[in-house]
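Turn these sequences into a full structure, and let the hints steer you where they fit.
Chain order of the listed sequences is A and B. Counting from 1, position 187 in the first sequence corresponds to residue 187 in my numbering; the numbering is continuous, with no gaps. Counting from 1, position 150 in the second sequence corresponds to residue 150 in my numbering; the numbering is continuous, with no gaps.
Hints should not be assumed to be uniformly reliable.
To be clear about the criterion: a stretch of chain A counts as covered by chain B if any three or more of its residues have a C-beta under 8 Å from a C-beta of chain B, and this derived list gives those stretches [claimed, not checked]:
(1) 49 to 58
(2) 78 to 92
(3) 96 to 105
(4) 312 to 318
Quick list of in silico lysine-lysine cross-link-like pairs, BS3-like style, CA-CA up to 27 Å [what the hints assert, rightly or not]:
(5) K297(A) - K134(B)
(6) K26(B) - K281(A)
(7) K26(B) - K134(B)
(8) K391(A) - K171(B)
(9) K297(A) - K171(B)
(10) K356(A) - K177(B)
(11) K110(A) - K177(B)
(12) K177(B) - K298(A)
(13) K288(A) - K134(B)
(14) K288(A) - K171(B)
(15) K177(B) - K306(A)
(16) K244(A) - K171(B)
(17) K356(A) - K171(B)
(18) K26(B) - K288(A)
Bear in mind the hints are in silico, worked out from the structure with no lab data behind them. Even glycine gets a Cβ: it sits at the ideal position worked out from N, Cα and C.
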Amino acid sequence: MKELLKVEGLRIYAGGRPVTLVESLDVGEGEVVLVTGPSGSGKTSFLRCIAEVNDIFGITCSGYMALGIDRDELSYIPQEPWFGMASPYPILEVRSFSNADDYSVRRYAKLFNVEHILESNSMDLSAGEIQRILFIESVLSRSKLVLVDEVTAYLDEESRKQLVNVIEEMRSEFGVAFIVVDHDVELWSRHIDKVLYLEPTSSSRIYYNVDETPLMASMDRLRAEVEELSRELAEKVGEEPILKLYNVWFRYPDSTDFVIKGVNIDVKRSEMMVIRGPSGKGKSTLLKIMADIYRPKKGVVLRYAKDIQYIPENPLLYLSEPTPRDELMKNTDLAVKSNLIRVLDTPIMRLSSGEKRRLAVASALARGSDLILLDEPSVGLDAENFISILKLLIEAVSRGVSIVTATHSRLLSSVTRSVVQL
Amino acid sequence: MGRYARALSAVVTVILRSLFLYGFSKLRRGSISLSIVHVVLAIISGLGSVELLVLYTIPIATLYTALRMYILLIYTLAVSSIPGLWMALTQLLLDVAKGVVDPYRYLAIYARATLISLNIMFTLHTLNPTEISKLFDRAKRFSGVYAQLFMRIASFLVKEGIEIVHTHSLKRESLWKTLAILILRGDEIAKGFSEGLIPKYRRYRSTAIYDIKTVLLQLTIIIYDAILILITTTFIQ
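Here is the structure:
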């Protein structure tokens, strides 16, 4: 078996501060390696070092790393997949960077269920759709090694299973190797050759069975905590209406098809509601209609809330102050509850993805909002961060705040009984 | 939502939709050079007469309609009206100061500026990114990717801008803070797209994609322009 990547004693630093140490890793042809570990353990930094884009983010790596293939045979799908798409239209992206013909592109697009968006404007695609397009591009460019950060974060259940099957097929038929970063370790249990478990500031470990990783133990604890929080949440739902949607229909101006079709929703005070559905089915659109950002073509939206806050998929777009202290308007109580006390004076651009999400929710609470609309609040969060966010949301609900979230997360959906399926 | 935010977002949305409403449509698969020929002919021959400019614009409006892009035509008219209104109102103010007011003149100024803008917008709508990339690539290898990246980032920035304006408006943030975040986000976007592009740019190969029907329609418009020029020059002589 040809060795595609060999790493030994690779120390990773961010801004001169040690992040992690990758003791040893070999990746051979057709192997699938899962990189996992808690937030801040350097998973993304490790992939960036392999892809040689670490300099852009002030990350340095020292140690031994040898690539057994040509750089052109390596594909990299970043954590924020929209940055991986350089073309204004998906069809151009795949054709330009894979050199594949139209027929092959359409064949794979059908397989990944994105055939209908090949000619769409890239700016209109959901993160999950972009991720699938980039995956097709990697397949068609005959990459030997594919690096995927947060591989399933933006995918719905069906697409996750599809993706795992495609990876399985590609490795067995074409010998393509994958290094995937993911928090959903259970999904990969029967499909990986090894797990690289990273720990912040200490050395990595290799496991050959997902069940042996520390994350699996934390998953059981996570489930127990979610169950407990779910019981707590069920007792809090009030009777007072906060938002009502009657027979709401919506379509984008360039489309003749309605993306939202006759939706009826009744949100009560102190209720946590989850909107679920496959990528591109209008979950974010529905949140924007609730927030009065989009106006429905048909139907009525009644808002009884005094203050509505909308937190987009990228929480950075919500934040407007230079540091968490300013963003929380010096509310240290909220900083403690949202586990942000250590980073109160850190510039918001330097916060981790989990910290940005917690800060955005805490900031909405600090503004006295009684309805918070959250788009994909659990993307890229490890068990600890997930519980932190959940506790913060439940704290908000106990204060009389209603929360509507759009999510793919099974775990988040299991917290509440109010689930809207699109 | 605040009035200012709604107004700002409405203006930005109209601009965004007037430029990027449809995906890789048939209109985008024509040839930019043919569109430029039409616009140059329209401006040179029609600048002196509103009636002639109308005649040069009719085939464009027909093309949008034939390709079922009515909404794009409406957004384009809305955006094209901005310079027309600006010029007409400026002239009106000057004339009021002079004490001479001629309503027909302002209407003519408005119509002329709007029609020329509409023709220029047509060129932007027929900008075929694959054709531009091919041209860039001929000048310098891999440089074709920048033409595509420019279109991608332009639409991405405008869309994110709208999202930030809306989100901050719900937060009741001042406009200057929103602008500061937009600038900060610009830096993050630059890093993000570099991260996505650097590992794969060497694989980039430009491929020109055309739609034969669109190219034929563009050629028909040029033939129409030529006939119009022939008729008007003969008529004038």
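- Starting from the hint list further up, note which numbers the structure goes against and sort them upward. 5, 11, 12, 13 and 18
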